[in-house]
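Q: What follows is each chain in one-letter form.
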Amino acid sequence: MGLTGIVCCLFESPASAGLLFSGNLIRFLYFRNMFQKVVLFCFLLAFGNRAQAHEFYFAYAEIAYNELSNRFEGTLIFTTHDLERALEPNGSLIGKLESSDEGSPIRSQLEKYINQHLNISYGCALDSNAFDAFCQTDFVLEGISPQLNGTIECFVSAPARLVFLPTQFGLPYLTNLQIQFDALFEAFAGQQNKLTLLFRNQKETLNYIPGKSIQSLPLKP
Amino acid sequence: MKHLLLSCSLLLSSMAFSQAKFAQLDQELPTANSYRTASGAPGHAYYQQKADYKMNLVLDDAKQRLDGFETITYTNNSPDRLDYLWLQLDQNIYDENSDTKLIEVEKMENFKSVGDLRKRDFKYDGGFKIEQITSTSGQKLNYFINKTMLRIDLAKPLLPGQSISFQVKWWYNINDRMQVGGRSGYEYFETDQNYLYTIAQFFPRMCVYNDVTGWQNKQFLGRGEFTLPFGDYEVSLTVPADHIVAATGECQNYASILTAEQRKRYELAKKSNTPVVIVTQAEAEAAEKNKSNTTKTWVYKAQNVRDFAFATSRKFIWDAQNQTVGSKNVLCMSYYPKEGNPLWERYSTKLVAHTIKTYSKYTIDYPYPVAISVHSKWIGMEYPMICFNGGRPEPDGTYSEGEKYGMWGVIIHEVGHNFFPMIINSDERQWTWMDEGLNTFVQYLTEQEWERGYPSRRGPAYLIADYMRGDKSGISPIMTNSESIKQFGNNAYGKPATALNILRETIMGRELFDYAFKTYCERWAFKHPTPADFFRTMEDASAVDLDWFWRAWFYSTDNVDIAITDVKWFQLNTQNPALEKAFLQQKEAAKDAFIGDTRNQTAIPKTVNEKDANINDFYAKRDLFKVDALDEKAYESFVSKASPEDLAYLNAGKQLYELSFENMGGIVMPLIIEATFADGSKKVERIPAEIWRIEEQKVSKVFIYDKQVVSFRLDPFLETADTDLDNNTWPRQMQPTRYQLYKQEPSRENPMQRQQRLEQMQRGN
Chain A
1 MGLTGIVCCL FESPASAGLL FSGNLIRFLY FRNMFQKVVL FCFLLAFGNR
51 AQAHEFYFAY AEIAYNELSN RFEGTLIFTT HDLERALEPN GSLIGKLESS
101 DEGSPIRSQL EKYINQHLNI SYGCALDSNA FDAFCQTDFV LEGISPQLNG
151 TIECFVSAPA RLVFLPTQFG LPYLTNLQIQ FDALFEAFAG QQNKLTLLFR
201 NQKETLNYIP GKSIQSLPLK P
Chain B
1001 MKHLLLSCSL LLSSMAFSQA KFAQLDQELP TANSYRTASG APGHAYYQQK
1051 ADYKMNLVLD DAKQRLDGFE TITYTNNSPD RLDYLWLQLD QNIYDENSDT
1101 KLIEVEKMEN FKSVGDLRKR DFKYDGGFKI EQITSTSGQK LNYFINKTML
1151 RIDLAKPLLP GQSISFQVKW WYNINDRMQV GGRSGYEYFE TDQNYLYTIA
1201 QFFPRMCVYN DVTGWQNKQF LGRGEFTLPF GDYEVSLTVP ADHIVAATGE
1251 CQNYASILTA EQRKRYELAK KSNTPVVIVT QAEAEAAEKN KSNTTKTWVY
1301 KAQNVRDFAF ATSRKFIWDA QNQTVGSKNV LCMSYYPKEG NPLWERYSTK
1351 LVAHTIKTYS KYTIDYPYPV AISVHSKWIG MEYPMICFNG GRPEPDGTYS
1401 EGEKYGMWGV IIHEVGHNFF PMIINSDERQ WTWMDEGLNT FVQYLTEQEW
1451 ERGYPSRRGP AYLIADYMRG DKSGISPIMT NSESIKQFGN NAYGKPATAL
1501 NILRETIMGR ELFDYAFKTY CERWAFKHPT PADFFRTMED ASAVDLDWFW
1551 RAWFYSTDNV DIAITDVKWF QLNTQNPALE KAFLQQKEAA KDAFIGDTRN
1601 QTAIPKTVNE KDANINDFYA KRDLFKVDAL DEKAYESFVS KASPEDLAYL
1651 NAGKQLYELS FENMGGIVMP LIIEATFADG SKKVERIPAE IWRIEEQKVS
1701 KVFIYDKQVV SFRLDPFLET ADTDLDNNTW PRQMQPTRYQ LYKQEPSREN
1751 PMQRQQRLEQ MQRGN
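Chains as they are written, first to last, in this note's numbering: chain A, 1 to 221; chain B, 1001 to 1765.
Hints are computed from structural coordinates only; laboratory data are not their basis.
Each residue gets a CB set at the ideal place from its N, CA and C atoms; glycine is no exception.
Be careful, since some hints might not be right.
Result set (DSBU-like, lysine-lysine): computed pairs, CA atoms no more than 30 Å apart in a straight line [what the hints assert, rightly or not]: (1) K1472/B <-> K1050/B; (2) K1568/B <-> K220/A; (3) K1743/B <-> K220/A; (4) K1472/B <-> K1698/B; (5) K220/A <-> K1472/B; (6) K112/A <-> K1107/B.
One side only, chain A facing chain B, incomplete, derived with CB under 8 Å [to be verified]: (7) F56; (8) A64; (9) E84; (10) R85; (11) I106; (12) Q109; (13) G143; (14) N149; (15) Q192; (16) K194; (17) N207; (18) P221.
Based on the provided sequences and hints, a complete structural model is requested.
A: This is how it looks when you write it as structure tokens:
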């Protein structure tokens, strides 16, 4: 597991974050552990420590629920070099997405990154007896399309279980989609994302800013 | 009475609400006065201050330190008495106690690597070291430093029309741009152990004093850029003898600096319309290795500029060409290390020439003698006559297509900044969009003239839709102070550039827009415009009331989403019974048949009344569609009263369509409707935005055609930034998602790999 993964795990849990500041011992251990983990990656810093200013910091996703294939299908659009920079600290020098092949390590890394930062949780039926299960998406990166204007489109899809609708079961918490889209938040303080979800005739655009990386979207009957 | 008052107030507030989108901008804009007129032009009492500089600069290449001694002559052209002067100390954002660092909102989750933490904790001894401030006779002046601002307390007030000269001695440690970032600094090349300096905001500079802000001494926090008065500069730059210098203005001593061969090439370049190399890569590489220990002094002069910047390195390759603008010759130049090639030698100077030529067409003729592009990794930053630009190939000299377009775009953009704000000198500290937005707009025009179909990132309306749609909590109106803008790039670059493009293509038309835009540029060249001056001039020069547009696009975060909600189809009743009854008969015959009726046709061989004729009475026997004498008489009477023109119109077979529209996004826009007829032909209707002037939510419009329409489409040319195209069609036609379009692509093979396969096949492998 790369550095980002470790730190993410700790920070994504409010309980863990609280522990950091609850006592000197825990705080000390945390930082010592972190240091041990990151020493191996120090050679990367020369590449990951770019300090240039630029003015983009905007990613956009368009996700549609395809009822025929029962999949979530979508496109994520990033500024290419922002995305490359976000991927860099995860492992090694990754090279350019533009010249990457299908099946190359960078594509796997990108797919993993997308799944870390784009997630749809929804009420679903795992089997006939489960009325109140929650499912989460696991996106497959189907392809990328670098654009000449400096952006890159990433095409993804994920199988969906039966999605509960407001007319079913009368369980309102199951009929909200919880959508996380915080890609690049960890890399750029000014990052902001938007995501448009198309679910049957429903079309909503949600806004994501640091501190607000998950949005709840009630499904309409 | 109380009730009456309440009713009146409710009525007034509802009237105000109903007119909100078309209310004039009276309250938002400052009152016109003798400095700035209501037409948007400088008034008869307009004034601006002047700041002239004479500087001696010494670069210490071993310590990466810059020492300066400057004499500033400040002229008070205002009608006001000045008791003190304010200067800007921009380098102080690198001071250890700088507010820039303190005000950065942080969370632990921002630090995910040692690199992040080291960057956060990085310290260097930055900021100005002011050694002395004296009068020209050497008397110490009292001064006070407030972070990035320095106040000089004058012994006696500077009266209107008076000038004062004083001297400042200073130095600072130059920042490592690769470590600390920044608009200027140095890049260190480990392979040959040389430095490339791009130096700016490097000297204490006068603040602007004017009728709008008084002293514009808002602290420099890092984002809101610079507000500077015009003046003349004389600068001596002492650098290692093997350095090549690029700077604002014209060099006064090439004769003693360059070799005879380089001077010959320089003279050749001045007459050439293609780039001529003045310092070759071989010469630069030799300098990289030899590293001179002596120094040379380069002397520059620049007139009527708002700032001065320079770049210096022994790594520089230098090429130049002439570009004619109006009746003037402009020397376009590029300076770049070998690491910039092959991109830089091939494109940079040509891009500089193209940019000043194209911008001159849309704004004012480029007034300066030189225009320079310097290669500086990762950044793009602008100064008078000179800019620093990224776009670096891979170490092996290859580059991606994206890298190429990135380099082209940044050079056009930064050279374009010569016009906004270097010449049309707006207040960047307050309004980023006034230079970035206007510049990005003309950048788009320039890119499109560089290459047909250039993939511009900003400008076309449809490209801003993703940013503008949906939840608005993370975005700001364009009219937001530079430091407080959310989504800086989309807000201050993309949205204003798009807005101007929409004005040009859709609201005003190219001819009116270009005239008004040029008028603004001509009025405010070498002056200090404000947003109101821009808004007012665009209306004043075009006779187009744009207050609703400024309100929607610049003062709100609304988006465009207009829907076709209903279409009703009508035909005219000719009153001619022969035609109308036949029509009714046809309609009756075409009615959907109930399945029971259909089956009964055969299941019931004969009904009772079919067997017994006595059953059918008058009602059963009458023919509803038969034209009788009464019908004919009524029609004759109608014809006798109608004019021949009315009759002809009634019988012309007109098709009438009532379309209903709903404003879902908040911004009202013109309605551009494309009707497609049964024969495949099309017609486009353009309805001005003022159709929404009374009803802002829902409007309807009737269209009359000679042919039957099969479909309507709103915004067919993607010119209004409509964020939801699914509700733009009748009958409803869902737009394919990007994913669906991707799935329809025949091949997803890497284009370069495909080309390689093709070449292999052609070679017979």
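Q: Assess, step by step, whether the Cα of K1472/B is no farther than 30 Å from the Cα of K1698/B, and give holds or violated.
A: Holds, at roughly 22 Å.
Q: At a threshold of 8 Å, is the proposed contact between Q192/A and chain B supported by beta-carbon distances?
A: holds, 5 Å
Q: Holds or violated: K1472/B with K1050/B, Cα cutoff 30 Å?
A: violated, 42 Å
Q: When the nearest CB of chain B is found for Q109/A, is that gap smaller than 8 Å?
A: violated, 15 Å
Q: Does N149/A hold up as a contact with chain B if the rule is Cβ-Cβ below 8 Å?
A: At 4 Å from the nearest chain B Cβ, N149/A passes the 8 Å test, so the hint holds.
Q: For the pair supplied as a hint, K220/A and K1472/B, confirm whether the alpha-carbon distance does not exceed 30 Å.
A: Status holds; Cα separation ~21 Å.
Q: Given the proposed pairing of K1743/B with K220/A, does the C-alpha separation stay at or below 30 Å?
A: Measuring from Cα to Cα gives roughly 28 Å; hence the hint holds.
Q: Interface hint check: P221/A, Cβ to nearest Cβ on chain B, cutoff 8 Å. Holds or violated?
A: Violated, about 19 Å.
Q: Hint validation: I106/A versus chain B, beta carbon distance must be below 8 Å. Holds or violated?
A: violated, 13 Å
Q: Closer than 8 Å between Cβ atoms is the bar; does E84/A clear it against chain B? Give me holds or violated.
A: Violated: closest Cβ of chain B sits about 11 Å from E84/A, beyond 8 Å.
Q: Using the nearest Cβ pair, does K194/A come within less than 8 Å of chain B?
A: holds, 6 Å
Q: Verify the interface restraint on G143/A: the C-beta must sit less than 8 Å from at least one C-beta of chain B.
A: Nearest chain B Cβ about 5 Å off; hint holds.
The structure shown violates the earlier hints numbered 1, 9, 10, 11, 12, 18.
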